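*Asks:* Note that the protein sequences, when read in sequence, are chains U and S.
First residue of the first sequence? That's 9 in the numbering used here, and the numbers climb one at a time after it.
First residue of the second sequence? That's 9 in the numbering used here, and the numbers climb one at a time after it.
None of these hints come from the bench; they were simulated from the model.
In this text the structure is predicted, and so the values were computed from the model without any measurement.
It cannot be assumed that every hint is accurate.
A pair holds if it fits inside one copy or across any two, identical chains being indistinguishable in the list.
[Unchecked claim] In silico DMTMM-like links for lysine to aspartate or glutamate, alpha-carbon gap of 25 Å or less:
1. 315 with 126
2. 215 with 158
3. 315 with 123
4. 86 with 352
5. 42 with 221
6. 86 with 310
2 protein chains.
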Amino acid sequence: MVSVTNIAELETPSLLIDVDRLDANIQRMAAIAKAAGVDLRPHAKTHKTPEIGRMQLAAGSPGLTVAKLGEAEMFADKGFDNLFIAYPLWGEQKWERLCRLADRITVRVAADSLEVVEGISRTAARHGIRIRVRLEVDSGAGRTGLQSPEQVLELARRMESLPGVDLVGLMGYGGHSSAAPDIDGVKQIGFQEGRHLVGIAEMLRAKGFAVPELTVGGTPSGPYAAQIKGVTEIRPGTYVFSDRTEVVMGWSNLDQCALTVQVTVVSRPTATRAIIDGGSKTFSSDAAVRSPGFGVVRGHPDFSIVKLNEEHGMMEVPAGTHLPIGTRLQVIPNHACVCMNLHDRVAAVRGDQVEAIWQVAGRGKVQ
Amino acid sequence: MVSVTNIAELETPSLLIDVDRLDANIQRMAAIAKAAGVDLRPHAKTHKTPEIGRMQLAAGSPGLTVAKLGEAEMFADKGFDNLFIAYPLWGEQKWERLCRLADRITVRVAADSLEVVEGISRTAARHGIRIRVRLEVDSGAGRTGLQSPEQVLELARRMESLPGVDLVGLMGYGGHSSAAPDIDGVKQIGFQEGRHLVGIAEMLRAKGFAVPELTVGGTPSGPYAAQIKGVTEIRPGTYVFSDRTEVVMGWSNLDQCALTVQVTVVSRPTATRAIIDGGSKTFSSDAAVRSPGFGVVRGHPDFSIVKLNEEHGMMEVPAGTHLPIGTRLQVIPNHACVCMNLHDRVAAVRGDQVEAIWQVAGRGKVQ
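Next comes chain U alone, as it looks inside the complex (with noise of 0.2 Å):
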């Protein structure tokens, strides 16, 4: 690693993190979660870095969650030790690795079906463990998920029989808060995610299943899903970072998003065309929620990224711009998560400073 003070040093494109917007951003979930006495147990898979997860357990949260078995490994070999994988494992190879992550550290698994718990069970009585399952219900995400209270009492019933696994809780996600068209849309799912989780575990402690925990998704809808009494936990990711997504569902304004590119202008082939370095191997091509382009330049409302190629971003500004080639610019992407997963690293900024460069360890993981 190059020793770089500046970030003008940095050569783009490059991802810097504002650590000051970072750490505000984790702070102000930490105390919304502990408001409303809630766990903060934040998805890791919008960073995949370690440095970041240490300032949110530093924060207060118990552990973190991830996507995948992969993601879930390095952060265990990076001394992280209490971890849920939000994911429905299946095969051999995956109940081994499962089991062998839960010989090192504490680690719950979700699941949504009798097939993936039998293979779990089957692989951890062969290790003489037990694996602590959360069963997902789908909150109207769909996605994953039991369809209803009863498929999730069925299922319940069938682990009491079954070696090495222990029902410890339900998960729900408000994925398709996406789709509200505003800020109290994103409330209401918020609250309905939480009232479904709370009353299907209502009805299973009737029958007798103590389910103690009742985990909850997503940065927008999140915080409100808290609110309602019975959760236990919520998982918020992208909030760490925000985004151009985010500042459009109303979780934060545009000058609170920590993560940005840094870009050169490399071509003006016309008086409203620049063409930026950074492309959709560099941001990725996810579309914002109610928003053309590919994000948003901090400190130039009126440049549109309008189209990117693989390595070219086509930016369109007012005719008259002064914008030679070689201006750097800073753009904050629609989407954190997939875009922190195109980069090997990072750099942790404060103003323009450089601090330290941090490798986004668990990139590409996708097993």
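Go by the hints and put chain S onto chain U.
*Replies:* Showing chain S alone in chain U's frame:
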């Protein structure tokens, strides 16, 4: 690397390259170039993989094209000695890297501004070397490139007095062929690109500039541009795999696609919904030209991947489909180049047999 002999032993999601299909695609484009009497300088941004680049050289290519210096440095490290960087490089650090690279191998670079050419010139003069420059013209794609023959002539004249740079040719790019309604439209754009470049070259030659190299780009349009007398080189990239977009545009059929993502069904929440263990961090969010959804499931035209989250693919299947959790599928991605760039390694397969694991050594080389 674990020793794996059958794709069933690979964890998912995992990238598979069918080497028979890969080789057929390589041979097919090589034959097209040979028949047209032009060089084929494949754009290696598609694969970023030395093993594949070597197959392309073995099929008769004089060298490769890359988009980024970091890609060029990687290929040079792997023994490639003739590279074209089809990108305007800006900044002292990049010009220094370019000159150090030119000390090692034969390198050409694109430029479309006096600013970039002057920077390269200054640095090359300091190194006591000469850099081969191809001036980029905008063929209609609306990306980088000089906008008129007059601009090209003016920059060519300015270059005559600059040390350290040699004008060796012109570069075009028919990227707007993706907006053509059908293969006939693609063909017309290819022809136009070729004629446009040849026309500017003839004007320059009348003014005393040699411009021996006329390079045109793109998988679907390049083969047509190559048919214009005077074009000397094509730079297609995606042809090597093909993908859903290239199928829609008419380059190949689905069976010829060499790159797939092997995924597993990890959840069956409803009779018509299946969740696969690959999302936007596995496939990318790139849309396919004129097609909804996120990839084609090989052998299952009735399955639709309707939405991606980061690690989840939401698939709709006909009611009554027997598709249990644990089923493995192979998905042809919308856009091979960005999909490859998300993965550290890929399995080279023949049928169901894994012949090798290749490192995607240029992945993430955004600088």
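*Asks:* Which hint numbers does the structure go against, in order from smallest to largest?
*Replies:* Numbers 1 and 6 - these are the hints that the structure violates, sorted from lowest upward.
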